[in-house]
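Engineer: Chain by chain, the residues run as shown.
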Amino acid sequence: MFVFSQGVPFLAEAGSSFLTGSVWLPTDSFAAGAWGIFPIILGSLIVTLGAVAIGAPLGIACAVFLAEIAPPAVRRVLVPSVSALAGVPSVVYGFFALLVVVPWIRGQFGGFGTSVLACWIILSVMILPTIISISTDSMRAVPREYKEGSLAMGATSWQTIRSVLIPAASSGIVTSVILGMGRAIGETMAVLLVAGNSVTIPDSIFAPVSTLTATIALEMGYATGAHQQALFAMGVVLFVFIMILTGLANLASRRRVTF
Amino acid sequence: MAAKRSEMVPMGLLWGAGIATLVILIVILAYILSKGLPLISWHFLTTNPGVRGQAGTGIYSTILATVAVTGVALLVAAPLSVGGAIYLNEYTRENLLRKVIRQAAEILAGIPSIIIGLFGFLFFVIYLLPYTGGWSVLSGGLTLAFMVLPISLRISEEALKAVPGELREGSLGLGATKWQSITTVVLPTALPGIVTGLILGMGRAIGETAAILLTAGGALGVIHSLRDPACPMTLYLYNILTEYNDTTTAYGTAAVLIIAILAITFVTDWLMNSYTKKLKGL
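Protein chains in written order, with numbering that gives the first Met the number 0: chain C, 0 to 258; chain A, 0 to 281.
Worth double-checking, as some hints may not be accurate.
Selected chain C positions facing chain A (Cβ under 8 Å, derived; list incomplete) [claimed, not checked]:
id, residue
1, 63
2, 97
3, 103
4, 131
5, 155
6, 156
Simulated from the structure, these hints should not be mistaken for lab results. None of these values were measured; they are calculated from a predicted model. The C-beta atom is built at its ideal place from N, Cα and C for all residues, glycine as well.
Whole structure, please, built from the sequences with the hints as guidance.
Structural biologist: See below:
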């Protein structure tokens, strides 16, 4: 791909200091070695893992609810709602977060409000549809006989969900979480609006943070020369993360649970 | 079956998760719509944005830009995805090529929009500058086509796959050629599914911002040709928030976007339901 042709030579030249250095001063041509994106990579990881930690339990629980418990009427409302949630443009999520979540954090906890926490909150909402829809599908694919067998043995419905349904659907659930992680790490606009985008390692969840995606989007507009190539190299790093996650998702979905 | 007392807590939590998801959606949509809907008027939709996006102006040129960019994306992606789905489903067996194409589409679907944007910037804006005019409707639309393609390809393929084999065999048995069977029997049956795929792709194109940010240019004027730079609604919303700090126009723009997305969700939901019913009736 084209992105590689621009990014890889830079990566090779800058070498490991690009990945591990912690000073990012792209427009200062005198500062040697100011191409460190370690805080940015770390920012991406912190933001993504936090969002998944909040979004995954909620999403999986909602999927169980949809697949097993919800009365048909509730399901008829909830399923289109989840797809509407998936369709809302990310910039609209960012807008909402900027006007509602950020002022709330500022009021409650001080600081600027644009922070790690704001990213976690809005990203965990944004990955819900991915997790819910894929998990629900995998739970629905569990053969009825398993559930009926379990219920017939005297297990209660919660016991059946916990020890039959979830293990049997586990490969789909894991896949959904990994894909949700991919969505979170690749998300740009919402993060760009609420992260604060300062290239430092955040010292608390109320501190601003900067991610790979947001930095690319923010600086591409004025970057030239080596700076531009550095941004492409960041794109390559992001791409590698996504490829790893896609590979893991493929592995997870291939794994079949047998009884 | 009534839940036992010891089950009340976990079952309650699961109900809670389902309701919480619904509440989150309603809160986000209701908040933006309640502030944005009152701002939408004929004046708002047909007046051009002010130079600094100030209140009292409209979003006419940005709607036009969204329509143009989305149109270009669909014009490119629709034939490719429908043709590709027909080829994959009707003309090939389950073989290596098919696996490779499907895998590639899946990977493409998972690539973050900002990376697609970087690619579009390098390829369409810089490399094909003489043809696309640099930052332009054309560059933006062609970049978006890469995001629409995997969605509509996959859904079209699913739709074709759901057409019962008996229909094809019946048609072939009556003496129709393969191509006649596809155009007169298979495609009409699968049409709702294919249209759903294209509409979902359209939704993605309308809502996309990051890729547009790097390829469309963001000029607020009314576009006259495909090679003009443009500022679709999503990008305008972002620009208002970061540069102009005018939340009034922002609410209005966001509300228009949400209405478009809700309309798309309802139409596709309805199409898919009628499609499933139709196939069941066969």
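Engineer: Hints the structure violates: just list their numbers, smallest first.
Structural biologist: 3
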